[in-house]
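Below, each chain spelled out in residue letters.
2 protein chains.
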Amino acid sequence: MVYEGKTKEELSALLEKERKAYEEIKLRGINLDVSRGKPAPEQLDISAELLNTPINGFSESGIDCRNYGVLDGIPEIKNLFAELLDIKPSEIFVGGNSSLNLMYDLIMKFMIFGTGEGAAPWKDAEEIKFLCPSPGYDRHFAITENFGFKMIPVTMTPQGPDMDEVERLVSSDSSIKGIWCVPMYSNPQGISYGDETVRRFAALKPAASDFRIFWDNAYFVHHLTDTPDSILNILEECKKTGREDSVFIFASTSKISFPGAGISVMASSEKNIAYLTRLIGAQTIGYDKINQLRHAAFFKSAADVHNHMKRHRDIMYPKFLIIEKSLDEGLLAEGLITYHKPNGGYFISVDTTLASAKRVVKLCLEAGLKLTPAGSSYPYHIDPNDSNIRLAPTFIGEESLSEFGELFSCAVRISSLEKLLG
Amino acid sequence: MVYEGKTKEELSALLEKERKAYEEIKLRGINLDVSRGKPAPEQLDISAELLNTPINGFSESGIDCRNYGVLDGIPEIKNLFAELLDIKPSEIFVGGNSSLNLMYDLIMKFMIFGTGEGAAPWKDAEEIKFLCPSPGYDRHFAITENFGFKMIPVTMTPQGPDMDEVERLVSSDSSIKGIWCVPMYSNPQGISYGDETVRRFAALKPAASDFRIFWDNAYFVHHLTDTPDSILNILEECKKTGREDSVFIFASTSKISFPGAGISVMASSEKNIAYLTRLIGAQTIGYDKINQLRHAAFFKSAADVHNHMKRHRDIMYPKFLIIEKSLDEGLLAEGLITYHKPNGGYFISVDTTLASAKRVVKLCLEAGLKLTPAGSSYPYHIDPNDSNIRLAPTFIGEESLSEFGELFSCAVRISSLEKLLG
Numbered sequence: 000m001v002y003e004g005k006t007k008e009e010l011s012a013l014l015e016k017e018r019k020a021y022e023e024i025k026l027r028g029i030n031l032d033v034s035r036g037k038p039a040p041e042q043l044d045i046s047a048e049l050l051n052t053p054i055n056g057f058s059e060s061g062i063d064c065r066n067y068g069v070l071d072g073i074p075e076i077k078n079l080f081a082e083l084l085d086i087k088p089s090e091i092f093v094g095g096n097s098s099l100n101l102m103y104d105l106i107m108k109f110m111i112f113g114t115g116e117g118a119a120p121w122k123d124a125e126e127i128k129f130l131c132p133s134p135g136y137d138r139h140f141a142i143t144e145n146f147g148f149k150m151i152p153v154t155m156t157p158q159g160p161d162m163d164e165v166e167r168l169v170s171s172d173s174s175i176k177g178i179w180c181v182p183m184y185s186n187p188q189g190i191s192y193g194d195e196t197v198r199r200f201a202a203l204k205p206a207a208s209d210f211r212i213f214w215d216n217a218y219f220v221h222h223l224t225d226t227p228d229s230i231l232n233i234l235e236e237c238k239k240t241g242r243e244d245s246v247f248i249f250a251s252t253s254k255i256s257f258p259g260a261g262i263s264v265m266a267s268s269e270k271n272i273a274y275l276t277r278l279i280g281a282q283t284i285g286y287d288k289i290n291q292l293r294h295a296a297f298f299k300s301a302a303d304v305h306n307h308m309k310r311h312r313d314i315m316y317p318k319f320l321i322i323e324k325s326l327d328e329g330l331l332a333e334g335l336i337t338y339h340k341p342n343g344g345y346f347i348s349v350d351t352t353l354a355s356a357k358r359v360v361k362l363c364l365e366a367g368l369k370l371t372p373a374g375s376s377y378p379y380h381i382d383p384n385d386s387n388i389r390l391a392p393t394f395i396g397e398e399s400l401s402e403f404g405e406l407f408s409c410a411v412r413i414s415s416l417e418k419l420l421g
Numbered sequence: 000m001v002y003e004g005k006t007k008e009e010l011s012a013l014l015e016k017e018r019k020a021y022e023e024i025k026l027r028g029i030n031l032d033v034s035r036g037k038p039a040p041e042q043l044d045i046s047a048e049l050l051n052t053p054i055n056g057f058s059e060s061g062i063d064c065r066n067y068g069v070l071d072g073i074p075e076i077k078n079l080f081a082e083l084l085d086i087k088p089s090e091i092f093v094g095g096n097s098s099l100n101l102m103y104d105l106i107m108k109f110m111i112f113g114t115g116e117g118a119a120p121w122k123d124a125e126e127i128k129f130l131c132p133s134p135g136y137d138r139h140f141a142i143t144e145n146f147g148f149k150m151i152p153v154t155m156t157p158q159g160p161d162m163d164e165v166e167r168l169v170s171s172d173s174s175i176k177g178i179w180c181v182p183m184y185s186n187p188q189g190i191s192y193g194d195e196t197v198r199r200f201a202a203l204k205p206a207a208s209d210f211r212i213f214w215d216n217a218y219f220v221h222h223l224t225d226t227p228d229s230i231l232n233i234l235e236e237c238k239k240t241g242r243e244d245s246v247f248i249f250a251s252t253s254k255i256s257f258p259g260a261g262i263s264v265m266a267s268s269e270k271n272i273a274y275l276t277r278l279i280g281a282q283t284i285g286y287d288k289i290n291q292l293r294h295a296a297f298f299k300s301a302a303d304v305h306n307h308m309k310r311h312r313d314i315m316y317p318k319f320l321i322i323e324k325s326l327d328e329g330l331l332a333e334g335l336i337t338y339h340k341p342n343g344g345y346f347i348s349v350d351t352t353l354a355s356a357k358r359v360v361k362l363c364l365e366a367g368l369k370l371t372p373a374g375s376s377y378p379y380h381i382d383p384n385d386s387n388i389r390l391a392p393t394f395i396g397e398e399s400l401s402e403f404g405e406l407f408s409c410a411v412r413i414s415s416l417e418k419l420l421g
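These protein sequences, in sequence, are chains D and U.
Under numbering that gives the first Met the number 0, residues 0 to 421 are what the first sequence spells out, in order.
Under numbering that gives the first Met the number 0, residues 0 to 421 are what the second sequence spells out, in order.
Source of the hints: derived by calculation from the structure; they are not laboratory data.
From the three backbone atoms N, C-alpha and C, an ideal C-beta is built for every residue, glycine too.
Treat the hints with care, as some may be off.
Okay, the calculated beta carbon distance ranges per label pair [claimed, not checked]: (1) R27(D) x T276(U): 30 to 40 Å; (2) L331(U) x E82(D): 48 to 58 Å; (3) E82(D) x E166(U): 53 to 63 Å; (4) S170(D) x A273(U): 36 to 46 Å; (5) K270(D) x T276(U): 29 to 39 Å; (6) A281(D) x K239(U): 29 to 39 Å; (7) E126(U) x K418(D): 54 to 64 Å.
Straight-line alpha carbon distances no greater than 25 Å define the calculated DMTMM-like cross-link-like pairs of lysine to aspartate or glutamate that follow [to be verified]: (8) K122(U) x D209(D); (9) K108(U) x E126(D); (10) K122(D) x E144(U); (11) K149(U) x D123(D); (12) K149(D) x E144(U); (13) K122(U) x E116(D); (14) K270(D) x E144(U); (15) K122(D) x E125(U); (16) K108(U) x E125(D); (17) K324(D) x D209(D); (18) K309(D) x D63(U); (19) K87(U) x D244(U); (20) K108(D) x D172(D); (21) K122(D) x E116(U).
For the chain U half of the interface with chain D, some residues (derived, Cβ under 8 Å), not all of them [said to hold, decoys possible]: (22) S60; (23) N96; (24) Y103; (25) F146; (26) M150; (27) E195; (28) G259; (29) N290.
Given only the sequences and the hints, what does the whole structure look like? Please build it.
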């Protein structure tokens, strides 16, 4: 590390220098937000045609999408996702514009009605715990926190959640009812689960018969590089172990077409899908089939989706490269951070070696750069090491990213030096 | 009644005659469905332009509707419904494509989190009861049945629910937590609540502090005649009694634009809307703003909506008139049924004088006419008098309605005569 072997005076002088640089940057009136994984407006523009794709209201399968009916989704969309996810159409339920909403509603139904016919509702359990591979997706944790579930962090490894830990916990504690997973290009680290990890998920022997895996495959086609990751099909692996009722897969077009107006799907065993379709039948007459129709007209095949994602990549990847270059040449070379270079997804997740993540985020904010609040990627917002910082480079323009790098580096250096100087 | 004073032999002869007519009708191979309140395809055609209304993704208020954000709805839609319902935009939450879904989700939230800050979750109550003005909307009752609430039928009068009954029940039983209301052109009777009824709702003194009124204003602009009904503004009336937290109003464009792809809203006190917006913030990042934008581009003002509804009326009302004429000249004149002539809504609700509703529905079905199953408009599908039959004349063509009238009349006569003959 660059500060190793330095005297206190040398460190103080370096801190002084960085603080001066920081004050200069502050004067520039920077106004940047890299806090959320939002597509840039130029990414939304590539779906512009979807806004005005001519449709007449009828699906090729002959459904009048304008009227009531067809609770589980039109065949065209089921088939599209079946092809994309390598899952049978009969294992897919098509929801509204938000897969997060599907997850929340699923937990609501488990609370009130239980995970299946004859299962006890979770609301009647004395305590419910969820495993939370951390760092993870803050909105997952917000749902389980909202429901008052006890969240247990699980260490993330480069192959996914620490499966020794997961196996030990779920096999010994019947109050553990679920686990949150983002198996591909995980939020925030961009880690994809190894084959061994997926197989061990499928082979879990939980103490709770109603333990469920929430497999949020949010970035399943969201590759960035020429060496994309791939993961095993969890539903197929679960079928091999006879545990296909234990997993729910989620995906959506939120970051394919439009974040606020895409199509979401949930996939699981036919038995689970039948059970939930019956329950959802009391909740709604059906989701928006016109939007399904529009998406089916725009994306006629999985190939269309993959081609479309290349256009996203062309806009996104250069931004990732700018940040990665800046980190590699600066903070990483100086030994002040570590990070995983993602092959896809929406984030770069940085771990500081010395610096306080909270202090870094505060310094950046005061100079006009908004980062995700430190700790957000952990249950209860508690990062035990106060070291993780999530960067979302997609929303801002390339020209702003150099400004970002300079300020961020400066903030990490200041915080690191402050730590060293006590 | 036409059969009064007739001998057994005369009645038997009449039955014989009707049965012969029925067998003849049966041979025609009728295939009609008047079971659900679905708009006809021609009604959907009048919103054809909405399918391809050109939009660029941005609201007039400057929101990028394609991206994440704006949980509670874009200002244009809030303002539109504010004008239509005479409610402040700040009292309105804009949902997805289904107001039924908003109701279901609201009850889910009351179950898990309670009706407001500090209120006990309904799941912790020993028993929950709901008042169900009957006949009423089957999908309302399906929700409360699903949750295991005990449903208590309340008699409907021509002015709305029997308020003596409602007041007596809610003031004496703290396990009564809610009431379902369709205050305008009620489903199925087409009754609009009188001013006195609305005022008494606003002045209720429930034993349960978390008693809530589910005011499903589904047909608020769905007039059929030149003498439309109007109802008092329940939220305003509740403000006068200080009980504005006790009511939730629902409306949607489902039967204005497209049943499967409209916009739904929920309205209540600002306090309730703030509480729910916070809770919904864990459920979704936001509803489909592109569809909101499309609707805002198509319906620029309340006047646009009212003009649009006139076009629906032009298609719907002739169908109602055909059925009413047939009923008036036949079964009503014969004293075999009674019914309320609705000024709006989607249904004609017939009460048989003698006939068994179950038997009528069965006879019709066997001859090719699908009616809503008898009892559907009552909690647990139990019509205590077995007399109520809901007719939904909108979906089928005018040319089919005479066939409908002939068969339906024949079935009611057969069932009535069977009753008289024991």
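For each hint, the structure was consulted:
no.: 1; hint: R27(D) x T276(U): 30 to 40 Å; result: holds (36 Å)
no.: 2; hint: L331(U) x E82(D): 48 to 58 Å; result: holds (57 Å)
no.: 3; hint: E82(D) x E166(U): 53 to 63 Å; result: holds (59 Å)
no.: 4; hint: S170(D) x A273(U): 36 to 46 Å; result: holds (43 Å)
no.: 5; hint: K270(D) x T276(U): 29 to 39 Å; result: holds (36 Å)
no.: 6; hint: A281(D) x K239(U): 29 to 39 Å; result: holds (35 Å)
no.: 7; hint: E126(U) x K418(D): 54 to 64 Å; result: holds (58 Å)
no.: 8; hint: K122(U) x D209(D); result: holds (20 Å)
no.: 9; hint: K108(U) x E126(D); result: holds (19 Å)
no.: 10; hint: K122(D) x E144(U); result: holds (18 Å)
no.: 11; hint: K149(U) x D123(D); result: holds (19 Å)
no.: 12; hint: K149(D) x E144(U); result: violated (31 Å)
no.: 13; hint: K122(U) x E116(D); result: holds (19 Å)
no.: 14; hint: K270(D) x E144(U); result: holds (23 Å)
no.: 15; hint: K122(D) x E125(U); result: holds (13 Å)
no.: 16; hint: K108(U) x E125(D); result: holds (19 Å)
no.: 17; hint: K324(D) x D209(D); result: violated (46 Å)
no.: 18; hint: K309(D) x D63(U); result: holds (23 Å)
no.: 19; hint: K87(U) x D244(U); result: holds (15 Å)
no.: 20; hint: K108(D) x D172(D); result: holds (22 Å)
no.: 21; hint: K122(D) x E116(U); result: holds (19 Å)
no.: 22; hint: S60; result: violated (15 Å)
no.: 23; hint: N96; result: holds (4 Å)
no.: 24; hint: Y103; result: holds (4 Å)
no.: 25; hint: F146; result: holds (7 Å)
no.: 26; hint: M150; result: violated (14 Å)
no.: 27; hint: E195; result: violated (33 Å)
no.: 28; hint: G259; result: holds (5 Å)
no.: 29; hint: N290; result: holds (7 Å)
The structure does not agree with the numbered hints 12, 17, 22, 26, 27 stated previously, though it agrees with the rest.
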